[in-house]
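Student: In the order they appear, the protein sequences are chains A and B.
Position 42 (the first sequence) corresponds to 42 in the numbering used here; numbering is contiguous.
Position 96 (the second sequence) corresponds to 96 in the numbering used here; numbering is contiguous.
It is worth saying that the hints were derived from the structure and are not from the lab.
Glycine included, each C-beta is placed from N, C-alpha and C at the ideal position.
Just to be clear, a hint being listed does not mean it is correct.
To be verified - One-sided excerpt, in silico: chain B residues whose CB lies under 10 Å from chain A:
{"no.": "1", "residue": "V8"}
{"no.": "2", "residue": "V23"}
{"no.": "3", "residue": "L54"}
{"no.": "4", "residue": "I69"}
{"no.": "5", "residue": "V70"}
{"no.": "6", "residue": "R72"}
{"no.": "7", "residue": "L84"}
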Amino acid sequence: MTEPHELFSALGDRTRLGVLTALARSGPATATELAATIPVTRQAISKHLAALDAVGLVTRHQEGREVRYQFEADALDTVASWATDTAGTWDRRLDRLRRSLE
Amino acid sequence: MENDSQRVTVERDVEVAAPVEHVWERITDSTMVTEWMGGEVDIEPSPGGDITFLPRGGPAVWGTVEEVIVGRRIQWSWRTDDGLPSLIEIELSPGATDGSTRVLVRETLLPWTISGPDGHTEWPMASARTNVQLAA
């Protein structure tokens with residue numbers, strides 16, 4: 001299970017986020033295909049894809065000599081879980097604070 | 001929830017039927033904070049002060065108070081032994097009705113500051129913004 005801070009760190013680079021956004025919008029793609037639409041080298045794209053793969057934000061699918069990458073939206077559940085838990089915790093705290101002042 | 005390339009933040013608020021000065025005491029006095037936080041809290045409400053939190057059933061949390069504007073705002077960062085570092089901001093402002101106070105809480109994960117340039121994990125204890133101001 002990827003820790004939330006690992007996931008967020010992977011998302012914290014603009015180019016990497018661009019790679020992920022391209023995969024989310026246009027569907028699975030190879031590093032070569034992504035390099036044709038994002039103004040960085042294919043090598044840089046590959047490096048970012050490896051980082052995204054490491055935290056589960058993309059999965060690799062071998063196709064002949066090429067690897068196609070696919071965006072995995074489920075990985076972002078970690079973000080949603082943290083936000084939901086945190087919001088619920090503060091709602092309970094603030095409710096107790098409100099009642100303590102009545 | 002806000003989620004852009006820089007931060008992930010949860011924001012909650014409540015309006016309480018009490019003046020700002022009463023609420024300020026409730027969020028900066030250790031005994032009073034303990035009553036509503038859900039665990040024992042020890043806080044030194046001044047920049048650089050320690051804050052520890054022993055939540056019921058959870059791991060201890062500790063950190064540093066970073067910014068205090070008396071009667072208006074307090075900010076600290078903390079982390080658990082095995083959890084996530086986060087930034088807590090609590091802001092007070094006059095409520096919609098006379099004598100009431102709006103309490104805004106913002107908790108932000110600090111993912112972009114825990115990975116150092118060489119890839120090792122760093123903990124961003126008290127940031128450069130450690131100053132205290134008196135509310136106007």
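Student: Each hint: holds or not?
Tutor: The hints, checked one at a time:
1. V8: 6 Å, holds
2. V23: At 7 Å from the nearest chain A Cβ, B:V23 passes the 10 Å test, so the hint holds.
3. L54: At about 15 Å, which exceeds the 10 Å cut-off, the nearest Cβ of chain A leaves the hint on B:L54 violated.
4. I69: 19 Å, violated
5. V70: 18 Å, violated
6. R72: Interface hint status for B:R72: violated (16 Å vs cutoff 10 Å).
7. L84: 6 Å, holds
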